[in-house]
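Protein chains: 2
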Amino acid sequence: MDAVFKALCDPSRRKLLDLLYTHNGQTLGELCEHLTMTRQAVSKHLAVLEAANLVIPLWQGREKLHYLNPAPLQEIYDRWLSKYDRPQLDALSQLKQTLEGNPQETNHE
Amino acid sequence: MDAVFKALCDPSRRKLLDLLYTHNGQTLGELCEHLTMTRQAVSKHLAVLEAANLVIPLWQGREKLHYLNPAPLQEIYDRWLSKYDRPQLDALSQLKQTLEGNPQETNHE
DNA sequence: CTATTATGCAACTAAATGGTTGCATGTCAA
DNA sequence: TTGACATGCAACCATTTAGTTGCATAATAG
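Line order of the protein sequences matches chains A and B. For my numbering, add 736 to where a residue sits in the first sequence, where the first one is 1. For my numbering, add 736 to where a residue sits in the second sequence, where the first one is 1.
Treat the hints with care, since some could be wrong.
One copy or two, it doesn't matter: identical chains are merged, so the pair holds either way.
With a straight-line cut-off of 30 Å between C-alpha atoms, the simulated DSS-like cross-links for lysine-lysine are [what the hints assert, rightly or not]:
#: 1; residue 1: Lys800; residue 2: Lys751
#: 2; residue 1: Lys742; residue 2: Lys819
#: 3; residue 1: Lys800; residue 2: Lys780
#: 4; residue 1: Lys800; residue 2: Lys819
#: 5; residue 1: Lys780; residue 2: Lys819
#: 6; residue 1: Lys819; residue 2: Lys751
#: 7; residue 1: Lys751; residue 2: Lys780
#: 8; residue 1: Lys780; residue 2: Lys742
No wet-lab data here; the hints were simulated from the structure.
Build out the structure end to end from the sequences listed, making use of the hints.
If you want it as structure tokens, here you go:
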């Protein structure tokens, strides 16, 4: 899961995922057209995405087609993000209660 | 949003969020007890989390209480992650169709 | 007032990161 | 077969990052 978070923290890599979202199965060359860095730099980013299993490559002759795999994103949500989704966790409401001197479980002693 | 992704990519910072999830409003010193690095290192991590608005500090005398703010996580999901949640985007099924020679919209030409 | 406690600030270091350039390899087309 | 095209590999560089140590400041306790 660490590899997925690492992969997502770079904006260029998130852009690559967005590009594959709108047009799946693109080659390295095609993806390069939408970024301002060299082909090798894009290739490295794709390697990181592949290592996180977010992109699955398929060789077709001399072309390498890149396919988006959203499964790790789903896992990130299910196993980490979803537990923070409870609105009652909202810090501001808790702060308000703290400032009101209203002691409760989640407060510091 | 970039700040939030950056904040999340470090496992120590995710652990801090988890610690605040289980016990909100902890001081720097309390949080340090659960990590193996120096107080200053933890302090830096908390600064990153504050910059991303994931942690909201509240000074109480000489103690700084740290409160979890899950709102940016919700935003990450709503504005970025949620669009990848459609199962039909699954790369493997697309690859299968590609390999079956079944041309479709989402394919490369 | 003095000690101790909780935190902040600044400088430094090692390692990771994001990018480059140059060259090699394999596939397709004429 | 030859040349162009798509990609990979490796070395290198600059910046960021994650951590350290040392010292400063402010609040509480005795």
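Each hint, compared with the structure:
no., hint, result
1, Lys800 with Lys751, "within (19 Å within a copy, 37 Å between copies)"
2, Lys742 with Lys819, "both (20 Å within a copy, 20 Å between copies)"
3, Lys800 with Lys780, "within (14 Å within a copy, 41 Å between copies)"
4, Lys800 with Lys819, "between (37 Å within a copy, 25 Å between copies)"
5, Lys780 with Lys819, "between (33 Å within a copy, 25 Å between copies)"
6, Lys819 with Lys751, "both (26 Å within a copy, 14 Å between copies)"
7, Lys751 with Lys780, "both (14 Å within a copy, 28 Å between copies)"
8, Lys780 with Lys742, "both (13 Å within a copy, 19 Å between copies)"
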